[in-house]
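Just so you know, the sequences run in chain order A and B.
Using my numbering, read the first sequence as starting at 1 and increasing by one per residue.
Using my numbering, read the second sequence as starting at 1 and increasing by one per residue.
Mixed in with the good hints, there may be bad ones.
Unchecked claim - What follows is a list of derived Cβ distance ranges for each label pair:
no., chain 1, residue 1, chain 2, residue 2, range
1, A, Ala74, B, Glu147, 47 to 57 Å
2, B, Ala42, A, Ala112, 27 to 37 Å
3, A, Arg217, B, Ala232, 38 to 48 Å
4, A, Ala162, B, Glu147, 24 to 34 Å
5, B, Glu148, A, Glu207, 14 to 24 Å
Said to hold, decoys possible - Here are some of the chain B residues that sit facing chain A, going by a computed Cβ distance under 10 Å:
no., residue
6, Gly85
7, Arg86
8, Leu89
9, Tyr90
10, Phe101
11, Arg104
12, Ala129
13, Leu177
14, Gly178
15, Leu183
16, Leu221
17, Met225
Derived from the structure by calculation, the hints contain no laboratory data.
Glycine is no exception: its CB is placed at the ideal position from the N, C-alpha and C atoms.
Number of protein chains: 2
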Amino acid sequence: MTASHARVLYDLCGTDDRRFSPYCWRVKLALAHKGLAFETAAVPFTGIPGVLGGRFKTVPILDDGGTIVADSLAIADYLEDTYHGRPSLYGGPGGRAAARFVDRWAVTQLHAPLVRIVVRDIHDRLEPADQAYFRQSREARFSKSLEEIEDKSAERVQSVRAALEPLRATLALQPFLGGEGPLMSDYCVFGTLQWARITSPVAILAEGDPVHAWFERCLDLYDGMGRRAVTA
Amino acid sequence: MTASHARVLYDLCGTDDRRFSPYCWRVKLALAHKGLAFETAAVPFTGIPGVLGGRFKTVPILDDGGTIVADSLAIADYLEDTYHGRPSLYGGPGGRAAARFVDRWAVTQLHAPLVRIVVRDIHDRLEPADQAYFRQSREARFSKSLEEIEDKSAERVQSVRAALEPLRATLALQPFLGGEGPLMSDYCVFGTLQWARITSPVAILAEGDPVHAWFERCLDLYDGMGRRAVTA
Chain A
1 MTASHARVLY DLCGTDDRRF SPYCWRVKLA LAHKGLAFET AAVPFTGIPG
51 VLGGRFKTVP ILDDGGTIVA DSLAIADYLE DTYHGRPSLY GGPGGRAAAR
101 FVDRWAVTQL HAPLVRIVVR DIHDRLEPAD QAYFRQSREA RFSKSLEEIE
151 DKSAERVQSV RAALEPLRAT LALQPFLGGE GPLMSDYCVF GTLQWARITS
201 PVAILAEGDP VHAWFERCLD LYDGMGRRAV TA
Chain B
1 MTASHARVLY DLCGTDDRRF SPYCWRVKLA LAHKGLAFET AAVPFTGIPG
51 VLGGRFKTVP ILDDGGTIVA DSLAIADYLE DTYHGRPSLY GGPGGRAAAR
101 FVDRWAVTQL HAPLVRIVVR DIHDRLEPAD QAYFRQSREA RFSKSLEEIE
151 DKSAERVQSV RAALEPLRAT LALQPFLGGE GPLMSDYCVF GTLQWARITS
201 PVAILAEGDP VHAWFERCLD LYDGMGRRAV TA
């Protein structure tokens, strides 16, 4: 296998080529961390069944010169094991195991309150076919209309900021979850906050918050890969 | 340095030689993980200023053949670096960095609601001099009486169980935070729940909860070191 074969990441998109998937962002940073060149193939929600014969229900999906891997942490595992001579995404087996905890923390503690803030903004930044799918699936999940799910109150934003406390306290000790430099665990949390940044004008992080400074550091990584994205 | 020199852990104690410090439990398991024999020196809260000339305000303090280290994660770092030929406490630099996040998660998300449940129980299991110190310091911290701080409501217990969700979700993927076996990150969370187990009769974990099963596995480690402790 060489670094020059075709490497394609199927990457969720909205209107204006907006790439907002938190899980795809994890993988884009993981690929950059490994120094692996890649192209993205934009795919809307309703286009996922048309990718690779509908083998997967969600993105990210990586096609690495014919090797197909889906799911952000499975992709990170694949990259770590396949490209082990390049910078480690985990910093050893303990970091690999811990990335699962950080992933589950981000999903259970951050996504849950964040989605209430950004759900209408996501909808409004999708093409019509995706809007219909998104409304139906999210309204079924919450048993509420999108308009009822949406909550942009100051209390809701504050609840996200409060939920970030374990990260904030860690950043008092070291610049990244990975220690002196970022690891996959940072990309897991970054993806969640980048998802909000790209889809919604609501300022989730307060300036002066150490989490804000860490997020800015993450936006700067790999020639500002995250910062250059189309945002709300 | 040999494995046979004197190794003493200063370990917080209550009545009936009850050893309840969450941070001391972390270190006891870390020492056992490294296969290092040690003795404990029981010290009440009000005895800490009399240890090693009052150099430290809190336990754990490890005296490893004359090398003195305080703070549970500093002790783990010291053990990892000094006894690097023995089983790793971190599983590499990524796991070492991630242990800080797990530590800060346990302290900010679990200790905070748990202390409201167990604070009176801790008090009632201290010698009189420690009771006076404990009441004064905790009442100052909360600006409330111990009796007002205490909250053993079902809602409070439920809030702890809900806060454990990131751990619960991780345990659906692997048996320990450390992966196939326990690492320092497990001992950090174990210490917090062991603190409650040793001081209070309240059942924090529900049977059937994957976190309960994980806690039982931790109690079994190292010949049941944690299980043998005097409990409430």
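Evaluation of the provided hints:
no. : hint                             : verdict
1   : A/Ala74 to B/Glu147: 47 to 57 Å  : holds (52 Å)
2   : B/Ala42 to A/Ala112: 27 to 37 Å  : violated (43 Å)
3   : A/Arg217 to B/Ala232: 38 to 48 Å : holds (45 Å)
4   : A/Ala162 to B/Glu147: 24 to 34 Å : holds (27 Å)
5   : B/Glu148 to A/Glu207: 14 to 24 Å : violated (36 Å)
6   : Gly85                            : violated (16 Å)
7   : Arg86                            : violated (15 Å)
8   : Leu89                            : holds (8 Å)
9   : Tyr90                            : holds (5 Å)
10  : Phe101                           : holds (5 Å)
11  : Arg104                           : holds (4 Å)
12  : Ala129                           : violated (32 Å)
13  : Leu177                           : holds (6 Å)
14  : Gly178                           : holds (5 Å)
15  : Leu183                           : holds (5 Å)
16  : Leu221                           : violated (16 Å)
17  : Met225                           : violated (21 Å)
The structure fails hints 2, 5, 6, 7, 12, 16 and 17 (numbered hints given earlier, in ascending order).
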